[in-house]
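Please arrange chain P on chain F, whose structure you already have, making use of the hints.
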Amino acid sequence: MGSFKLSRRAMLRGLVGSTAVALALPTLEAMLNSHGEAYADSTPLPRRFMTWFFGNGVLLPRWVPPTQGPDYQLTEELAPLISVQQYCTVLTGFMNKAGYGRRGHHDGVAGCFSGHPFIELDPGGANYSSKFGGPSIDQVIASRIGSNTFLPSLHVGVSKRVTYGEGPTLGYLSHKGPDEPVPSERNPQEVYNALFGSFTPPDDPHGKLRVKALDAVNEDVKRLKTRVGATDQKRLDAHLQSIFQLQKQLGALPPVCTEPGAPGETNEDFEGKEPLLEVSHAMADLVAIAFACDITRVVSFMQSGGVGGTVYHMTGATTEEHGLSHEPGGQELVHKAVVFNMECFAYLLGKLQEQSEGVGNLLDNSVILLGSDCAEGLTHSSFDQPIIVAGRGGGTLKSGIHYRSPNKENTSDILLSCLQAFDPGATEVGSAEGYSNTPCQAMKA
Amino acid sequence: MLALALSTAASAAALPACTGTIGGGEGVDESLVAPGPTLRRLVRSQYKNSVGDLLGEGAKVAADPPDDFELNGFDSIGAAQIALGDDSVKAYESSARAVAAAAMGDKERIDSLHGCPETSPSAAECHANFIRNFGRLAWRRPLDEAEVERYTAVAQFAATDRDDFYAGVEYAIAAMLQSPHFLYQIELGEPVAGRPDLRKLSGFELASRISFFLLGTTPDAELLDAAEKGELDSPDGVREAALAMLERPAAREALRGFYDEFLGLRRLSGVAKNGDVYPAFTPSLADAMRTETLTLIEDIVWERDADVLELLDASYTFVNAELASHYGLPAPEGEGFHRVDLPADGQRAGLLGHGSFLSTFAHTATTSPTLRGKFVRERLLCTSIPAPPGNVVTTIPEGGDAKTMREKLKEHQTNPSCAGCHVMMDNIGLALENFDGVGAFRLTENDVTIDVSGSIDGDATFEGVRELGGVLREDERVGLCMVRNLFRQGTGHVDTDGERKVLAALGEAFVKDGRKLKGLLAEMVASDAFRFVGKVQ
Chain F
1 MGSFKLSRRA MLRGLVGSTA VALALPTLEA MLNSHGEAYA DSTPLPRRFM TWFFGNGVLL
61 PRWVPPTQGP DYQLTEELAP LISVQQYCTV LTGFMNKAGY GRRGHHDGVA GCFSGHPFIE
121 LDPGGANYSS KFGGPSIDQV IASRIGSNTF LPSLHVGVSK RVTYGEGPTL GYLSHKGPDE
181 PVPSERNPQE VYNALFGSFT PPDDPHGKLR VKALDAVNED VKRLKTRVGA TDQKRLDAHL
241 QSIFQLQKQL GALPPVCTEP GAPGETNEDF EGKEPLLEVS HAMADLVAIA FACDITRVVS
301 FMQSGGVGGT VYHMTGATTE EHGLSHEPGG QELVHKAVVF NMECFAYLLG KLQEQSEGVG
361 NLLDNSVILL GSDCAEGLTH SSFDQPIIVA GRGGGTLKSG IHYRSPNKEN TSDILLSCLQ
421 AFDPGATEVG SAEGYSNTPC QAMKA
Chain P
446 MLALALSTAA SAAALPACTG TIGGGEGVDE SLVAPGPTLR RLVRSQYKNS VGDLLGEGAK
506 VAADPPDDFE LNGFDSIGAA QIALGDDSVK AYESSARAVA AAAMGDKERI DSLHGCPETS
566 PSAAECHANF IRNFGRLAWR RPLDEAEVER YTAVAQFAAT DRDDFYAGVE YAIAAMLQSP
626 HFLYQIELGE PVAGRPDLRK LSGFELASRI SFFLLGTTPD AELLDAAEKG ELDSPDGVRE
686 AALAMLERPA AREALRGFYD EFLGLRRLSG VAKNGDVYPA FTPSLADAMR TETLTLIEDI
746 VWERDADVLE LLDASYTFVN AELASHYGLP APEGEGFHRV DLPADGQRAG LLGHGSFLST
806 FAHTATTSPT LRGKFVRERL LCTSIPAPPG NVVTTIPEGG DAKTMREKLK EHQTNPSCAG
866 CHVMMDNIGL ALENFDGVGA FRLTENDVTI DVSGSIDGDA TFEGVRELGG VLREDERVGL
926 CMVRNLFRQG TGHVDTDGER KVLAALGEAF VKDGRKLKGL LAEMVASDAF RFVGKVQ
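In the order they appear, the protein sequences are chains F and P.
All letters in the first sequence, in the order written, are residues 1 to 445 by the numbering used here.
All letters in the second sequence, in the order written, are residues 446 to 982 by the numbering used here.
Quick caveat, the hints were computed from the structure, so don't treat them as lab data.
All residues carry an ideal CB built from backbone N, CA and C; glycine is no exception.
Take these hints with a grain of salt, some might be off.
Taking lysine-lysine and the DSBU-like style, the derived pairs with C-alpha atoms no more than 30 Å apart in a straight line are [what the hints assert, rightly or not]:
no., chain 1, residue 1, chain 2, residue 2
1, P, K848, F, K336
2, F, K222, P, K505
3, F, K248, P, K848
4, P, K855, F, K336
5, F, K212, P, K848
6, F, K222, F, K234
7, F, K408, F, K336
8, P, K505, F, K248
Just a sample of chain P residues kept apart from chain F, beta carbon distances all over 10 Å, derived [as the list claims (entries may be wrong)]:
no., residue
9, E475
10, M549
11, E685
12, V897
13, S900
14, F907
So the derived label-pair ranges between C-beta atoms look like this [said to hold, decoys possible]:
no., chain 1, residue 1, chain 2, residue 2, range
15, P, A905, F, T226, 47 to 57 Å
16, F, G124, P, Y761, 28 to 38 Å
17, F, G124, P, V956, 13 to 23 Å
Chain P with its partners taken away, still in its complex shape:
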């Protein structure tokens, strides 16, 4: 792939400032009403990446933290609300012990963190050095003396018992990785003059928030130093740091993680398909589908720094031989994935024509216009679907002769208690019926020609996936929704009314800048909504 020159820094600088009216309190946007902070535990990937950065690849492999809890569509939102239970605490303990044991394989790294040329089991000062240095990295802030003492005592106890200095280090690591100061992002902030309702994240807290969001891992020593020097205290400083961070490979990995979650791609390998109906759906095909989508995103965002909404109607994609055959395209030359232009006279284009999306949002043996439409509504347009009623007193009439999915779903649409919501979802999803439950193209279903007309709220009407993609790309809700979803994942909460104005300003700037994601990310972390929290409730 061709790496084009990146113009992000320049274009980001051209963005209008998002701080709105400069009022009291350090020029914070007057409209901002930020929700109070909550402890947010590191999600699995953040935990593992952090362990890897702190203690090396072997430790990362050994790390096995408990599963995440998804709320409102994001693990990070669950991480900000769900408490740790017996199973989680147990898992964290065994993970921390395994990590600590593995870390002992890299004595050079360990020794560099305490700096003592010679060590004896009773060398408390060397343990304390280690705890200070490792602690600042692992807890993402300097430790106070009481903390250093507490963990030095753990190290000394173990070293004495085992008559081994390193046993002390090992137990100190195991303990510190179970501490809430490692497990949770703690964002209590500092008072803001003139704004008693707000608190500004400290440099260290913000360094963590930005690093976990943009890089999916713990802040490195350099970023912590910058925080300590006050370089993250202003929006300009934050923007500059963010743009530098976005040049690192970890930023690509983190964004892959975002889309994996946002698009449901991570579920793809576990998606169940009926083998009799869809014999083509193999684990390797599922894997190829996921790679296709992530590669296209990577190309748009990182290689081309182009309008990210090209994802919705891109006329090219990336396939390997297996996926090409699934799509009815000529096999690309050579191994692996290659860029191909989609035939102009074909139907497929953009994410909604990808096998990944079409397979994830479908049933085991059929398509599901409802699930596909629900995705477009919730994830792309940010409109929630009202609840299905709790006590539907109804019987759906015996059908049986419905030949197409459209006819089958008509039964839901003629029933008043189902119709309200189903129309919202189904009329979008029905435009995708030319693709079966694993994304293979088809023109007929049970020998009946498929009708792919669809509409959104009766306003926009379209035929098939290409027109739907185009309609969505023009829909101004989609850009803002992208902003909101990134913000949700980055901050661990669903954006509130008091944050909407700041986010709307970010959205406008994003559109004006050509909807380039890198620029958006830098502006987002520099925005007031990202740097401030409400009072502790």
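One chain only, chain F, in its complex shape:
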């Protein structure tokens, strides 16, 4: 008789209907191969992807490291990363080719996070609005790996003062497509509920009735689809897909891991000030646990919004970041806000680094793309936007270097390299000016 090997799936199945069982996180040693690099059945450890966004750019002279390669010299704005520098590849000198100068901020975020030029909605004398031109990279990756987990992707945000008045491009970080922006949850308690509170126990008497009700709805949507135009057909496809997802979740098993307590933070303002630090930390804690418990493998994290009204009160600022970025006297405060954001980012990376997995930690098995919606807020430039790729992508990505492109490589090349960490067969991302079929060589392990 061969030695008994417990597969991860068997492990999950084995816990049906049992009371909550606390297991050592994240992965049982018994489930790993003898090198601790993969599961016993040789499927690799899961990889995770995250986009991390903050609005209104940086101050380039205080951002770009003066040296390249490993052990690059940290600048003022990168200094908070010191404890995770070995995981952080800083990419500078790239050109966001999908953002070719049509509208500041819109160019920057759509191009940098999707590789598709944004779609302008003819305002026809109305308020200006735009949408993403294609799926954001997190959704491209979720379409490859999202079906493995309870939630295909998770979307969190921190500052509530996001600009919604100019359409989904600025209001949302994640987009399944032009007409499918994905909202971010900004209340940590609600994120907790989404992760741990929405499981329907297998013996819940309402489960099958809910599925039956959704079956009828599903049939209605399908029939309606035959009567509407092409655009609406696509929208109804999204509706159908979400019904399918919900039905699937109704039969899903609770996560095999120690449930953390619910966070106390709810993201309420106090005396007109947003609890930015507290919420950012709470979200980071939740993301780390969501990854560790394998409830999702894809996250978008919207620290603040482009053209947003976030007031970084901890820097001494009394007015909105976006306004400050356009003021001569505001630059020092903008700089301090960048440092604050990088401190929050470093906290998140630290949380992932703390969670061991196999022979390494979650950060080893993650790819985290940090970016903004312009290089510097003052100039709206989409050349040399701040970009960091953190994590080793399960050994596929080089980490801890500064690479400055000598020839304005396309930021979409970076997206393609990220995608290939999850789908080695992927050959292209983006479209039109933002199209790339050339991954960033410098990122390759």
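Just chain P now, with coordinates in the frame of chain F:
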């Protein structure tokens, strides 16, 4: 407030017909090129109101649909374009279940919808009755037999499983409220003889469109009956139905909703102000500001049926004690809001002098002539602001000694890449500088006397808010822009070139009629642009 006799019906009848040249195809305006229909999901308020009308107040309280997506300034435009994602579908499911559970608290209503004196879990016919009757109301049209069967099966499955007839009803309600036939306004229309490019909304489709627009809720049984009898097939029938609907309290609520969105008032409670700079700005003051504006609109439109553009230069307003003190006015006698005349020698008048507008369109610690001017441009004049360039290669010179907002903004105006757009916005907003970021009056800023001269496109020049309000009231673009904005919200799309002629005719009639909003609304829903859609694309 004094309720004056309403003359809308008479004045509306006197309006010239807006159908233009009578050509082929049922006399449809020949100039009309209508965009193809799109599914438009009910916005949050429409969903909640509908649930309340269908199933009672308890169900309405339980309803919690997902958030709306705003596009081009309106949630209804987002509702016509954005797809439902995982979070929305999940939210609709939990909302529908909560609504259905709450609805079970009103057994009398439930029983009236199936009509069976006795019910057993296996009483399929009673479930089918319920689904037919409730379905016609909830889906705003009769159900076909396949649909009745589909949802009867849901009800029977649940009733059998739970051994309870009402569990079946509950699950049928929960399912039907998740159906696209409840969640979306479906406006596919019917063919029009002689106009292959157009489709005429069916009576039921039009009943929904009118009811959601004018009343913010689902059509009631009476309107559905009228639709079924063909009473909404002609412009006259539509106008008559609309005028009756405008007499209902829900019409006031719906118009409040329009202005809440159109003027950005709904954002007021979330507007952030720096407490050190503006200690007076409390949630109760913000609330009072919103009430002021909505009450003035209510007075002009519903109580007086007067020129709606009085909103721009009204010499009276409505304040409570807190707002009166904020404005430096004597406190009105008694609790709540009272009409007051604004002092003739003061500065404040009209919407652009309201705390609501002045606070919403400002920064946390300063005013923003740019945001205020942008509002006037986009919302009142319907002129879009060109995009700020994507790659501004520039540095704004170090300033620092600017004492007033005007001096500070000069920096933008001397920079060629900023000046083009900023002049368009700032030169309007600078006329409002006598009001700070929360709408308090001031004559100086950092000890410098504030200059409140402004201009629109260099043509019209003015000093301060009163003159600006007067200039806008005379600007013929403002009336037409009002028409266009109502049309956008009502139809869920930005008006297209092919609809401009019909809207221009509506605008002219509106002006001729003294710019009375009720008359406009009735004419608008009776217009060809409202009753027809393009082909399915």
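Consistency of the hints with the structure:
{"no.": "1", "hint": "P:K848 to F:K336", "result": "holds, 25 Å"}
{"no.": "2", "hint": "F:K222 to P:K505", "result": "holds, 28 Å"}
{"no.": "3", "hint": "F:K248 to P:K848", "result": "violated, 62 Å"}
{"no.": "4", "hint": "P:K855 to F:K336", "result": "holds, 27 Å"}
{"no.": "5", "hint": "F:K212 to P:K848", "result": "violated, 67 Å"}
{"no.": "6", "hint": "F:K222 to F:K234", "result": "holds, 11 Å"}
{"no.": "7", "hint": "F:K408 to F:K336", "result": "holds, 28 Å"}
{"no.": "8", "hint": "P:K505 to F:K248", "result": "holds, 29 Å"}
{"no.": "9", "hint": "E475", "result": "holds, 22 Å"}
{"no.": "10", "hint": "M549", "result": "holds, 14 Å"}
{"no.": "11", "hint": "E685", "result": "holds, 31 Å"}
{"no.": "12", "hint": "V897", "result": "holds, 22 Å"}
{"no.": "13", "hint": "S900", "result": "holds, 20 Å"}
{"no.": "14", "hint": "F907", "result": "holds, 23 Å"}
{"no.": "15", "hint": "P:A905 to F:T226: 47 to 57 Å", "result": "holds, 54 Å"}
{"no.": "16", "hint": "F:G124 to P:Y761: 28 to 38 Å", "result": "holds, 35 Å"}
{"no.": "17", "hint": "F:G124 to P:V956: 13 to 23 Å", "result": "holds, 22 Å"}
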